[in-house]
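Quick mapping for you: the protein sequence lines, in order, are chains A and B. Start counting the first sequence at 6; every next residue gets the next number (the numbering used here). Start counting the second sequence at 6; every next residue gets the next number (the numbering used here).
Keep in mind that the hints were calculated from the coordinates and are not lab data. Treat the hints with caution; some may be incorrect.
Heads up, the list lumps identical chains together, so a pair's fine if it works in one copy or across two of them.
Subject to a maximum C-alpha distance of 20 Å in a straight line, what follows is the list of computed DMTMM-like cross-link-like pairs (lysine to aspartate or glutamate) [said to hold, decoys possible]: (1) K167 with D339; (2) K167 with E98; (3) K167 with E337; (4) K123 with D88; (5) K167 with E100; (6) K123 with D196; (7) K234 with E262; (8) K10 with D244.
One letter stands for each residue in the lines below.
Protein chains: 2
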Amino acid sequence: MTELKNDRFLRALQRQPVDVTPVWMMRQAGRYLPEYRATRQRAGDFLSLCKNTPLACEVTLQPLERYPLDAAILFSDILTVPDAMGLGLYFAEGEGPRFRRPVQDAAAVEALEVVNSKQDLSYVMDAVSLIRRELNGRVPLIGFSGSPWTLATYMVEGGSSKDFRRVKTMAYDQPGLMHLLLEKLALSVTDYLNSQIEAGAQVVQIFDTWGGALSAAGYLEFSLAYMKKIIDGLHSEYDGRPVPVIVFTKQGGQWLEAIADSGCSTVGLDWTTDIGQARARVGDRVALQGNMDPTMLYASPQRIRQEVGAILESFGSGPGHIFNLGHGITPEVDPEHAGVFIEAVHELSPPYHAAQ
Amino acid sequence: MTELKNDRFLRALQRQPVDVTPVWMMRQAGRYLPEYRATRQRAGDFLSLCKNTPLACEVTLQPLERYPLDAAILFSDILTVPDAMGLGLYFAEGEGPRFRRPVQDAAAVEALEVVNSKQDLSYVMDAVSLIRRELNGRVPLIGFSGSPWTLATYMVEGGSSKDFRRVKTMAYDQPGLMHLLLEKLALSVTDYLNSQIEAGAQVVQIFDTWGGALSAAGYLEFSLAYMKKIIDGLHSEYDGRPVPVIVFTKQGGQWLEAIADSGCSTVGLDWTTDIGQARARVGDRVALQGNMDPTMLYASPQRIRQEVGAILESFGSGPGHIFNLGHGITPEVDPEHAGVFIEAVHELSPPYHAAQ
Chain A
6 MTELKNDRFL RALQRQPVDV TPVWMMRQAG RYLPEYRATR QRAGDFLSLC KNTPLACEVT
66 LQPLERYPLD AAILFSDILT VPDAMGLGLY FAEGEGPRFR RPVQDAAAVE ALEVVNSKQD
126 LSYVMDAVSL IRRELNGRVP LIGFSGSPWT LATYMVEGGS SKDFRRVKTM AYDQPGLMHL
186 LLEKLALSVT DYLNSQIEAG AQVVQIFDTW GGALSAAGYL EFSLAYMKKI IDGLHSEYDG
246 RPVPVIVFTK QGGQWLEAIA DSGCSTVGLD WTTDIGQARA RVGDRVALQG NMDPTMLYAS
306 PQRIRQEVGA ILESFGSGPG HIFNLGHGIT PEVDPEHAGV FIEAVHELSP PYHAAQ
Chain B
6 MTELKNDRFL RALQRQPVDV TPVWMMRQAG RYLPEYRATR QRAGDFLSLC KNTPLACEVT
66 LQPLERYPLD AAILFSDILT VPDAMGLGLY FAEGEGPRFR RPVQDAAAVE ALEVVNSKQD
126 LSYVMDAVSL IRRELNGRVP LIGFSGSPWT LATYMVEGGS SKDFRRVKTM AYDQPGLMHL
186 LLEKLALSVT DYLNSQIEAG AQVVQIFDTW GGALSAAGYL EFSLAYMKKI IDGLHSEYDG
246 RPVPVIVFTK QGGQWLEAIA DSGCSTVGLD WTTDIGQARA RVGDRVALQG NMDPTMLYAS
306 PQRIRQEVGA ILESFGSGPG HIFNLGHGIT PEVDPEHAGV FIEAVHELSP PYHAAQ
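Here chain A stands alone, though its shape is the one from the complex (with noise of 0.2 Å):
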């Protein structure tokens, strides 16, 4: 493989010493870049565009061509693997995603495979695959998948909820059943996880979207204990490197201790954790990445590089921090104050990183 020009992302993953604090924005390739709206309409839905391998590679660099982002991440949903598993995803027109058959009874779930990746989700391998070609070592290529309670949020309700009632009343009234499910899923996420890092992807990233809807011990039982399992189940090292996982749970920043002894390498934070206050709580066990409210995107860039700095000084000198939103980029985002966040980050860190 070609060798890597920049490696802040891999470094600050981590803990090891960097020069700046390495930047990336979730959702980064998006609705808010006109070249992405672009490449969209070329490619018709979203999830053709998913599925299109040279498009789908396309929208993946095009951020990297406007900013000097330092880490890539593979273009694609969090909810392929249920495709896979036969559900039928399709995207309501303003209703985000949905199935066609959704999966609410011991028949249904019994009834589901644990999806063998290489076959059944080769689209996503070649896509991987011809993005670290086409990145040519310029930055990191970060795989992902949605957390096995969040896929079964989506799989049991049918789509997005507001009050996770269907998913929840298995997971109360039926617990063994909900643990089959996730157990499935934990298999194939491994699998998916671990095809994606064969294919070329050099950190995965597994995105836990619902995990904060769960109560406490809801949370341990039903979202952790299975991001465990993936974790045990992956590739620690690939191509003689370690391949760093960020477990990103949104609105999970009453539970860091507990992530931070998942076996990840870093926990991603939404922003409404202090990171800092985070930065005390776990230590040194891992990184950190995060935790600008997407939010701040559309104030001025004045205030959005106060923010940055603010962000910066909260973490506080040294390593292990990689800079992100605390959750994805938003459409109606000005892709120039999108910009001025990531000159922020590279402009106003150097000083926390010195004499390391």
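Got chain A; can you put chain B on it based on the hints?
This is chain B only, laid out in the frame that chain A set:
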């Protein structure tokens, strides 16, 4: 005033010994009750029901006829204060609350006048007085308001919001303007709650539904600071009795220590916080209210009882716990399941109050 026949709730709010853990439910007068739906139909829309004194009293008392609840809560809406400020509150079918005249610039903020509740919100005070009279000392009556920040989100956005883009941009780019708005709201809410206390409310709760959407620093600056101001301005005693204040910030579990220092008597917890860990963090400073996942009410009676037992066990022995849901009861809950929940609290809690 009539003597109180059941003072468990008032005692628990002040961390005094009780025989059993008191319990009530946020939104206990609500759509899950067929008798509520019938009264609402007579009233017309939701806002007409809030403004109809005898019918607001009727729905307030309905859950007490069904269940051995330890408190009543005024039936009203959190947005009555901005409505009285002239913003034109209405409820679009299936869309939640909307304002005809949102507050989106300096001129609009400057034009707002602090409400005189006895005059501008006399229908609320009439309802409080009537409910208190009709309760005839059965249980204490809770008055309430939205927090300044929560009210501001609806006022600036013009209704509900997913990302709070407008209100946060105002807070980030024009903090002085946002503080002026919050100051006017804090003065208005102080007057509103004091008027409710004078009309007969024995406890007040501040609902900070959207404080949890802020960053940690933003929460302290834009939400908690104004709830503190309100608490400082409230009658600490009325009619010879202390008036306990409950602060409930949804998704505020990371900031419990700060909330406990606000001057409130009790901190409301949503279901994502372990109540035993919360107690360890806040110590004896405050009582705790909560915190079963409202979605648990869709589970079986046996599972509901088990969860009530687990929360009682987590809180442990001694005074200072008011049982509640972690958020409002939802419309599709079977009323029998709500009854199972309430009875389980009373049946399972005596061992935790023995030998106090």
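Hints versus structure:
no.: 1; hint: K167 with D339; in the structure: between (29 Å within a copy, 19 Å between copies)
no.: 2; hint: K167 with E98; in the structure: both (18 Å within a copy, 17 Å between copies)
no.: 3; hint: K167 with E337; in the structure: between (23 Å within a copy, 13 Å between copies)
no.: 4; hint: K123 with D88; in the structure: within (14 Å within a copy, 58 Å between copies)
no.: 5; hint: K167 with E100; in the structure: both (12 Å within a copy, 14 Å between copies)
no.: 6; hint: K123 with D196; in the structure: within (9 Å within a copy, 65 Å between copies)
no.: 7; hint: K234 with E262; in the structure: within (17 Å within a copy, 34 Å between copies)
no.: 8; hint: K10 with D244; in the structure: within (17 Å within a copy, 74 Å between copies)
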